[in-house]
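> If you want the building blocks of each chain, they are given just below.
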Amino acid sequence: MKFEARWLAEMLDAAPPADELAARLTDCGLLVELREQGDGSEIWDVEVTTNRPDAMNHRGLAREAAVATGSRLRPIEFELAENGGEVASLAAVEIAAGAPCSRYVARVIRGVRVGPSPEWLQRRLLNCGVRPINAVVDATNYVLLELGQPLHAFDLGRLRGRRVVVRPAARGERLTTLDGVARELDPSMMVIADETRAVALAGIMGGADTEIHAGTTEVLLESAHFDALSVRRTARRLGMHTEASHRFERGADPGIAAVACDRAAHLIAELAGGGLAEGRLDVCPRPWQPRRIELSVAALAAFAGLEIPAVRVEAILGGLGFAPARSGDTVRVTVPAFRVDVERVADVYEEVLRHVGYGAVPAALPVLPTAPGKRHPNWQLVDRARDAALAAGLTEVVTWSFIDPGADRLVDSQPLCPGTAVILANPLATTQSVLRRSLLPGLLSAAQGNLNQGERGLALFEQGRVFAGGAAGPSEPERLGIVLRDDGGDAEARFRRLKGVVEHVGTKVGLPALRWKAGGSPWLDENAGAILAAADGRTVGLAGLLAPEIAARWDLGAGVAVAELALDAATSPPLPRFTALPRFPPVVMDMTVEHGSELGYAGLEAATRELAGEQVEGVGFVTRYQLPDGSGRVRTTLRLVYRHAERSLTQDEVNAWHADLRRGLAERLGVGFA
Amino acid sequence: MSTARLAEVRASFLSDLAEAGRDAAEVEKVRVKYAGKKSGLLNELTAALRSLPNEEKRVYGQALNELKHEIEAGLAEAKKAAVTEVRVKHAGGLAIGGRQPQLAAGPVDVTLPGLPVARGAEHPVHIVRRRIEEIFLRMGYDVEAGPEVEDDWHNFEALNIPPDHPARDDQDTFYLEDGHLLRTHTSPVQARVMESRQPPIRIIVPGRVFRRDSDLRHSPMFHQIEGLLVDEGITFGHLKATLEAFLHELFSDRVAVRLRPGYFPFTEPSAEVDISCIFCAQKGCGVCSGSGWIEILGSGMVDPRVFEAVGIDAERYTGFAFGLGLDRVAMLVYGIPDLRQLFAGDQRLTRQFA
Numbered sequence: 008m009k010f011e012a013r014w015l016a017e018m019l020d021a022a023p024p025a026d027e028l029a030a031r032l033t034d035c036g037l038l039v040e041l042r043e044q045g046d047g048s049e050i051w052d053v054e055v056t057t058n059r060p061d062a063m064n065h066r067g068l069a070r071e072a073a074v075a076t077g078s079r080l081r082p083i084e085f086e087l088a089e090n091g092g093e094v095a096s097l098a099a100v101e102i103a104a105g106a107p108c109s110r111y112v113a114r115v116i117r118g119v120r121v122g123p124s125p126e127w128l129q130r131r132l133l134n135c136g137v138r139p140i141n142a143v144v145d146a147t148n149y150v151l152l153e154l155g156q157p158l159h160a161f162d163l164g165r166l167r168g169r170r171v172v173v174r175p176a177a178r179g180e181r182l183t184t185l186d187g188v189a190r191e192l193d194p195s196m197m198v199i200a201d202e203t204r205a206v207a208l209a210g211i212m213g214g215a216d217t218e219i220h221a222g223t224t225e226v227l228l229e230s231a232h233f234d235a236l237s238v239r240r241t242a243r244r245l246g247m248h249t250e251a252s253h254r255f256e257r258g259a260d261p262g263i264a265a266v267a268c269d270r271a272a273h274l275i276a277e278l279a280g281g282g283l284a285e286g287r288l289d290v291c292p293r294p295w296q297p298r299r300i301e302l303s304v305a306a307l308a309a310f311a312g313l314e315i316p317a318v319r320v321e322a323i324l325g326g327l328g329f330a331p332a333r334s335g336d337t338v339r340v341t342v343p344a345f346r347v348d349v350e351r352v353a354d355v356y357e358e359v360l361r362h363v364g365y366g367a368v369p370a371a372l373p374v375l376p377t378a379p380g381k382r383h384p385n386w387q388l389v390d391r392a393r394d395a396a397l398a399a400g401l402t403e404v405v406t407w408s409f410i411d412p413g414a415d416r417l418v419d420s421q422p423l424c425p426g427t428a429v430i431l432a433n434p435l436a437t438t439q440s441v442l443r444r445s446l447l448p449g450l451l452s453a454a455q456g457n458l459n460q461g462e463r464g465l466a467l468f469e470q471g472r473v474f475a476g477g478a479a480g481p482s483e484p485e486r487l488g489i490v491l492r493d494d495g496g497d498a499e500a501r502f503r504r505l506k507g508v509v510e511h512v513g514t515k516v517g518l519p520a521l522r523w524k525a526g527g528s529p530w531l532d533e534n535a536g537a538i539l540a541a542a543d544g545r546t547v548g549l550a551g552l553l554a555p556e557i558a559a560r561w562d563l564g565a566g567v568a569v570a571e572l573a574l575d576a577a578t579s580p581p582l583p584r585f586t587a588l589p590r591f592p593p594v595v596m597d598m599t600v601e602h603g604s605e606l607g608y609a610g611l612e613a614a615t616r617e618l619a620g621e622q623v624e625g626v627g628f629v630t631r632y633q634l635p636d637g638s639g640r641v642r643t644t645l646r647l648v649y650r651h652a653e654r655s656l657t658q659d660e661v662n663a664w665h666a667d668l669r670r671g672l673a674e675r676l677g678v679g680f681a
Numbered sequence: 106m107s108t109a110r111l112a113e114v115r116a117s118f119l120s121d122l123a124e125a126g127r128d129a130a131e132v133e134k135v136r137v138k139y140a141g142k143k144s145g146l147l148n149e150l151t152a153a154l155r156s157l158p159n160e161e162k163r164v165y166g167q168a169l170n171e172l173k174h175e176i177e178a179g180l181a182e183a184k185k186a187a188v189t190e191v192r193v194k195h196a197g198g199l200a201i202g203g204r205q206p207q208l209a210a211g212p213v214d215v216t217l218p219g220l221p222v223a224r225g226a227e228h229p230v231h232i233v234r235r236r237i238e239e240i241f242l243r244m245g246y247d248v249e250a251g252p253e254v255e256d257d258w259h260n261f262e263a264l265n266i267p268p269d270h271p272a273r274d275d276q277d278t279f280y281l282e283d284g285h286l287l288r289t290h291t292s293p294v295q296a297r298v299m300e301s302r303q304p305p306i307r308i309i310v311p312g313r314v315f316r317r318d319s320d321l322r323h324s325p326m327f328h329q330i331e332g333l334l335v336d337e338g339i340t341f342g343h344l345k346a347t348l349e350a351f352l353h354e355l356f357s358d359r360v361a362v363r364l365r366p367g368y369f370p371f372t373e374p375s376a377e378v379d380i381s382c383i384f385c386a387q388k389g390c391g392v393c394s395g396s397g398w399i400e401i402l403g404s405g406m407v408d409p410r411v412f413e414a415v416g417i418d419a420e421r422y423t424g425f426a427f428g429l430g431l432d433r434v435a436m437l438v439y440g441i442p443d444l445r446q447l448f449a450g451d452q453r454l455t456r457q458f459a
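Chains A and B, in that order, give the protein sequences.
For the first sequence, the positions run 8 to 681 when the numbering used here is used.
For the second sequence, the positions run 106 to 459 when the numbering used here is used.
Hints are computed from structural coordinates only; laboratory data are not their basis.
It is possible that part of the hints are untrue.
Using 27 Å as the maximum straight-line C-alpha spacing, the simulated BS3-like pairs for lysine-lysine come out as follows [to be verified]: (1) K185(B) with K142(B); (2) K138(B) with K185(B); (3) K524(A) with K162(B); (4) K173(B) with K185(B); (5) K173(B) with K142(B); (6) K515(A) with K381(A); (7) K185(B) with K506(A); (8) K143(B) with K506(A); (9) K185(B) with K515(A); (10) K142(B) with K162(B); (11) K524(A) with K506(A); (12) K143(B) with K185(B).
Partial selection, computed: residues in chain A whose CB lies under 7 Å from chain B [as the list claims (entries may be wrong)]: (13) G36; (14) N58; (15) H383.
Just so you know, even glycine gets a beta-carbon here, dropped at the ideal spot from N, CA and C.
So that you can see chain B by itself, here it is in the shape it has in the complex (with noise of 0.2 Å):
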């Protein structure tokens, strides 16, 4: 053992980090080979000391203190340099952030990939969200928020939902040890909203609700965005232009849309909302099973019970309400087919829509 041998490992170790570039992963394998504490190099290098005559002790231990110095300091460096880089990861698992390119003589090969751009990438629900949120703020709507945790009342009651109506069968409820409920759609935001101030009122309302019901089309816990107008002299025709002006922006100007008769407790009358089938013109597939059209909201004028529950006077205004739920306008535009997919937390599912 020499200081030959200590120019060697040095050499070695300078490549090997030159090598590993930015790569932490590779940073730290370097170190392992070199500073590790059980079989890194400089170990072997030090235990050799001992075995040396005394006079060689001297200029060898001064020279391996400064080969340390110097492995410690590349190594710090490095590491530095490895994390100060962005790393991202693909849905796919391909690593990037890699080596740095060395300084190859000749031309660049310009069919290598690019770099990956650092994106975050959005939950599709709250994409379709704001997406939605977007077309009402243009139309003058305000966006409202209300409590998840709600009560009977605002849930039902003053949505002409009283209690034993066969209605809450249809939305099977959470309810809380202390007798609050789980809002069952946003439309008590609604009711809140009216409650408290006079029209006109223009709104829409995006929220979790939740629901005591699992399988593949439904979901304890989703998504629905809720609209509400009111004013005097509002009428069925300026409801059917709102939802035809809104769902020609959110899908397409080519869409038909067909309102049928339908039946909700704070509207009358109610309407069923559907759209000429966007994946087959109307030729029959299996997304409108057939049929050519899919049903996409409700929508309804406002039950006048509903007006006289929060204080409004039911002679003097008209209005309309719709809601849909934004979790099935997610799958449907993507073609997600199971609701609960989109709440198992999975990223490779997020990142499609990166």
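With the rest of the complex left out, here is chain A (with noise of 0.2 Å):
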């Protein structure tokens, strides 16, 4: 909000120079964000939080600005000639039982002159960025940045009945309003009506006919105080924002109505001549009731971590109007009406505290329980996911929560997909609109920006959640996602790639042992997918080639290999437990099984591991190859690990278990042997 600053120093007595002025104000929460040089004065571009409209005027401003610099406010001083007859006379007040409108006061000029202001007013109207417009609007708003009263001013002439009263809006009602828009009403909305019709938005903007304009001879001059609640309401439903508006929905001073009424009037009269009409027009039907609060000096100091002289309390919470009285330990204090955000003792403190400044309070460590600190069980495993995901090489992404509504409909058929979609009602963009059920979508979009960006391999993961709707509101699964992409391999290759990392996931994360199932279509490549399921048969997750046609939405090309866990299946991995090293070397022999591929491989390892017995300590996977004589079997090269406890093994013993095994295996699973 801006401010300026010779106007601010002139109401103070003996006001500090401008630099220490600004770093005073700073000090004490209004934040003086930018200064610059304006006309005849340096105009600063002050930070008024939204529980203080008390400061969002310049008198306000600068009483913070006498305390915080141990300057004086100077009071506000003018003459009011009263000669052009009595108020009452000439028009009169309402305002409707039950409206939202504690207090309205009215004053009446006459035969004035409407023109332009003069250069100093103007000016000073310039500087706080408000346009003037003619001698008798722009005293309002001279009063407004002043005393931080709205003010408005009717063309009395135009009131029908010259009479104005606050009153809810009729169903339908119509009010062309100052800045030419015509708006339909409602009974929710609090206008000034005259007899006949509304005239203006009570507390955000008057109405284009009753307007003051160049043939204006007679003003009645509103300065009301309206409810905060009943403004922000139909400002908001009307998108209205005014300066009248701002204030009124943060809380406006109850207080000043009179003062900020005469005060306007005496420079109407000043300023566009004419008489003002003795006495004012003053409604009340809910008098301020100020609010008492009562501190303790200790407790003070017990809540800040700071002794403050109880003197000290005193003055600074007399300079910002609260009339403190001291008996030994206790003040009371009278919230003045223009702090409608002091309700109880902890702002009171805030006040002392600001003031004192917040660079005054030592600092000491609080002493607490020397209890280690716990992470939440979805920390841990989250974190696991990651540490697991971070050392099988892979670069994490983070991507949006939020996802396109026609990517999000592809979902419903993922394997792993949790349930209905969770729709957002006021999306910022349509490409964003519903909450993702699968990382998927977000990891692929990820992987098409990359390889636009010319990146060639890619090996990204996320971790986070999904959403799905329920009776009880929406669940959110922690996942984990898989991308990779490299430039070689064939589909095996690319496949046991992802299945290396995926199985490596899944131990550290301490998800069930994972079945592998040829499956995941339509997301996954019908020869290249499977869907992971735990003994239970639970799904906890998918991995595979994707899908060309899924691909292609992406813009991806092939051999992209995709994974999604579903983590809330997982449990606290067990402590892994020592083997005793073994003291013999062992024996290693190849076997290479010619078979079918009806066969799958693990099939052939769990007969092969039983067949062996406990003399074979191992079993793993050499390579494959398809005979190419097209009738489809394959020959595997298993890597057989033989090993005794006790004694080293001699080479014939193990050539005979060797040929027992291949025997074994032939007559099992009627396999050959290459």
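Please dock the two separately framed chains into a single complex, following the hints provided.
Below you can see the structure in the form of structure tokens.
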């Protein structure tokens, strides 16, 4: 918000130099963000937080400055010359029963000549970012900037029945506001009306019909206090935001209506001529009740961690208008009308601490039990997954939690789809309007982006939540998603690389032992996809090469391998147990088995282990190759590690076991040997 | 065409294969050259069989078969070796994993680059998160978690932000069609923890949060970390010392910490916290906009209304809370200019922090 530095200084006795004033204001919580040279004065952009409407005017800010710099706020002084007849004989004011308006003050000025305001006033308005209009309107804006009270000047001659009433709008009632927009109103909105029609939106904007114009001679000056909530709701419903609504929404000063009215009336009479009618019209159905708070100086010290002398507490609160009265340790304050934000003792503590300065409070670490901090199990789980993926050499990405509805629809057919889609009621863009049910769409977009940037190899992962609708609100299962793409290798090589990563992560995260079953269509390639299941049959993941149709949607070529794992299926992995190290050397023998493709590797290995017995310590895969004769048969080479716990083996005995094993496998599986 | 041609092809195959080494793409080229379905050399050699005199067909055929098997076995072996070697790409796109070094005569050129290590790269936001978690764990704080889809009570009302409160304007909210919302800060987890247990409470809460806003410095999704300490006798001085200790650990002991009065609905008094600019030693630079200070977090003493809302005795207990943007810290310490760039999924960004 813009302030004219010279105007602020004029309000203070013994104002310090501008640099010091700006620094002290910043220290007490009114951050002077920007200082620039305006016409005849520096202009300051001050960040006034929403809870401090009292400081959204020059006098309010000067009050803070006075306390912060040890100077004094000058009283408001002007002489009111009333000479235009009795106000009650010229106009009338009414507030409808129950209307959210606690006070309505008005004055009447007759015989004005509407012309431009003097240069000094125009300059001041322009410095504060307000456009000069005419002397009457400028006077109301000047007082708004000076005292914070929104005012409105009506052309009294155009107010039918020479009266105003604050009342709810009638259903369908129409009003063209000052900005030229014709608005249709409803009874939730408060208006100022004359005898027959609405003439202003209460606390927001006046109407075009009754505005001050070149021919205006009689002015009715409104200075009212409207309830924050009513103004806020109306302004929001109409999509309006004005200087007046900004202040009323945050809580205007209920005590300033009469003073501000006098001040503006005085200015209008001075600048536009005319006679000010005697007295004010003043309707006040709910007089302001001051709030009283008691505070203990000792309790304040305990709260702050700093002893603050009682006289200092009194001085600060006195300067801020809290009229403190102290007896011993107790200070009683009366919250001034303009401080709508101060409701309880913690708020008063803040007032004192702000002006003592946060910098004055000594830093002291709290003393607490020496208990070690614990990490929530969910964080332990997701960081286990993250660490496993990082250890596998993958690169982490973070993608949006909301995705395109088209991409989301594809997830319906994904084996790991957690449930119904969760849709945003007010998305920023339709491409980000559905909460993701799978990490894969985001990861595939990332893959596409990387390839478009000329990246060739990809090894990406994301850890994050997906969302699914449920009766008790959406669920948020944790997932790990993986995308791999490298330049070379056939489908089998790519699949096996992915499988290696997935099994590694599964073990480290504590997923149940994974059963790999061909599947995953339509997301995965029919010839290179798998669904991962736990022993109890629960699906905990999918892994494989992307199906061509899915790949095409993201402009990805062939050979992209993806996986997604449901981390919620994991439990804390067991502590590894030490196995005694062997003392005797192994004998390693390869065996090439020729068999039909209907026998999967898992079946071959299981049978081999079973038939081999305890002399075989390990069975591993070496290679497989397809016979070129068109028979569809393959040759699989296994590597067997023979070892005895208590002695070295001889080649002869191992040869004999190896031969037995061949025979056994031939008998059981009908396989041949190369 | 003769068996001599076969020997020639065999020799060139073996040399090509050795040349290809463990580079899967090179091995594939060798496969296409010799065993490719359309124009592989084996096709040509097989076709030649027909045009041979009958007496030569048997010898040639046998030798051809042997060569076929040899090529297939050789390719299978090379392919296996190529795929078992982990291949990594740099952000810059330099392929590694490359050729098997030949047993060259002479000394090794020790100025050749070392082979890159296949290391993963963590996202900068999570690097920062874990660093901050670590600092607070050492101070005895628990790391808490909570839902990203929230209700109005925990996200707003319990935190002293009633409906129609102007602070709701600053936190433009995404709503779901069922009336739930995406949490606009990690603070609802504070409320949940305080509802579920009594002080002493010492927690931090990292997590994803959402606001309906998008430009250079705002993203509809970002990350926060939140801290809360509640006990008897907690003072504003405790808050100050805790934040100083934390910021000294995170940045440097030389960093100056400044608390300024601020406003948050759920703390009273509230404080904005600045650190002295870590880039210019407070001489004034682009990062601190010439002020010498960088705004880093928001904090304050827990507002008694929050205690009342969650069922904690506001007469007996006091506490403090603070929060900061993880993305903001990451942008600051690593010099990343655009917040939204963090969520574009670009591996060239993450790999810079490997």
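> Given the hinted pair K173(B) and K185(B), is their alpha-carbon gap at most 27 Å?
Holds - the C-alpha atoms of K185(B) and K173(B) are around 18 Å apart, at most 27 Å.
> Does the alpha-carbon distance linking K185(B) and K515(A) stay inside the 27 Å limit?
holds, 26 Å
> Is it true that the CA of K143(B) sits at most 27 Å from the CA of K185(B)?
holds, 23 Å
> Could you grab the alpha-carbon distance between K515(A) and K381(A) and see if it respects the 27 Å cut-off?
Holds. K515(A) to K381(A) sits at ~20 Å (cutoff 27 Å).
> What's the verdict on K524(A) and K506(A), does the C-alpha distance respect the 27 Å limit or exceed it?
Status holds; Cα separation ~12 Å.
> Taking only the CA atoms, is the gap from K138(B) to K185(B) under or equal to 27 Å?
holds, 18 Å
> Taking 7 Å as the limit, does the beta-carbon of N58(A) come near enough to a beta-carbon in chain B?
Because about 5 Å separates N58(A) from the closest Cβ in chain B, which is inside the 7 Å limit, the hint holds.
> When you check the alpha-carbon spacing of K173(B) and K142(B), does it fall within 27 Å?
Distance ~13 Å between K173(B) and K142(B) Cα, so the pair holds.
> May I ask you to test the interface hint for H383(A) with respect to chain B, counting a Cβ-Cβ separation under 7 Å as satisfied?
holds, 4 Å
> Have a go at the G36(A) hint: is there a Cβ in chain B nearer than 7 Å to its own Cβ?
The hint holds - G36(A) has a Cβ within 7 Å of chain B, the shortest such distance being about 3 Å.
> Below or equal to 27 Å on CA atoms is what counts here, so check K185(B) against K506(A).
holds, 15 Å
> Run the distance test for K142(B) versus K162(B): straight-line Cα separation, threshold 27 Å.
holds, 23 Å
Checked against the numbered hints given earlier, this structure breaks hints 3, 8; the rest are met.
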